[in-house]
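When you get a sec, could you build the whole thing from the sequences and use the hints?
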Amino acid sequence: MLFWLIKILVVGLLLYVAFWLALLAVIVIASAWLAQNLDPESERQPELRDGHSGVGLYDKDDWRIDMGDPDEP
1 MLFWLIKILV VGLLLYVAFW LALLAVIVIA SAWLAQNLDP ESERQPELRD
51 GHSGVGLYDK DDWRIDMGDP DEP
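Each residue of the sequence shown is one higher than the one before, counting from 1 in UniProt numbering.
Derived from the structure by calculation, the hints contain no laboratory data.
Ideal placement from N, C-alpha and C gives every residue a C-beta, glycine not left out.
Where hints are given, some of them may not hold.
Said to hold, decoys possible - Now the in silico label distances, taken between C-beta atoms and shown as ranges:
| id | residue 1 | residue 2 | range |
| --- | --- | --- | --- |
| 1 | Met-67 | Arg-44 | 12 to 22 angstroms |
| 2 | Gly-54 | Ala-22 | 52 to 62 angstroms |
| 3 | Val-17 | Gln-45 | 45 to 55 angstroms |
| 4 | Ile-27 | Ile-6 | 51 to 61 angstroms |
| 5 | Gln-45 | Trp-20 | 35 to 45 angstroms |
| 6 | Asp-39 | Leu-14 | 37 to 47 angstroms |
| 7 | Ile-65 | Ala-18 | 34 to 44 angstroms |
| 8 | Met-1 | Leu-21 | 23 to 33 angstroms |
| 9 | Leu-57 | Asn-37 | 22 to 32 angstroms |
| 10 | Ile-29 | Gly-51 | 34 to 44 angstroms |
| 11 | Ser-53 | Ser-31 | 37 to 47 angstroms |
Below is the structure:
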């Protein structure tokens, strides 16, 4: 009887430790993924190009953000 009690306690302790290690691994992996995907430099920056409203500075949605004089070449 004592043997089974010790065996159950050891298995319970191993499951407890495995649960916390798995939870720690999930937290580390999730935080690494978030850190990789939250890089502010990875977003498209405004760029100077020839778009639908002529040559100018366009944002990531193809909207011109430096509306100048439309009569200037």
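Quick rundown of the hints versus the structure:
Take Met-67 and Arg-44: their Cβ atoms lie about 19 angstroms apart, and the range 12 to 22 angstroms holds. Between Gly-54 and Ala-22 the Cβ separation comes to about 57 angstroms, which falls inside the hinted range of 52 to 62 angstroms. As the Cβ distance of Val-17 to Gln-45 is approximately 47 angstroms, the hint placing it in 45 to 55 angstroms holds. For Ile-27 and Ile-6, the Cβ-Cβ distance of about 32 angstroms falls outside the hinted range of 51 to 61 angstroms, so the restraint is violated.
A hinted range of 35 to 45 angstroms holds for the C-beta pair Gln-45 and Trp-20, which are about 43 angstroms apart. Checked against the hint of 37 to 47 angstroms, the pair Asp-39 and Leu-14 passes, with Cβ atoms roughly 39 angstroms apart. Look at Ile-65 against Ala-18: about 53 angstroms separates their beta carbons, and that is not inside 34 to 44 angstroms. One distance hint, 23 to 33 angstroms for the beta-carbon pair Met-1 and Leu-21, holds here, with the actual separation near 31 angstroms.
As the Cβ distance of Leu-57 to Asn-37 is approximately 26 angstroms, the hint placing it in 22 to 32 angstroms holds. Ile-29 and Gly-51 have their C-beta atoms about 40 angstroms apart, which keeps the hinted 34 to 44 angstroms range intact. About 42 angstroms separates the C-beta atoms of Ser-53 and Ser-31, a value consistent with the hinted range of 37 to 47 angstroms.
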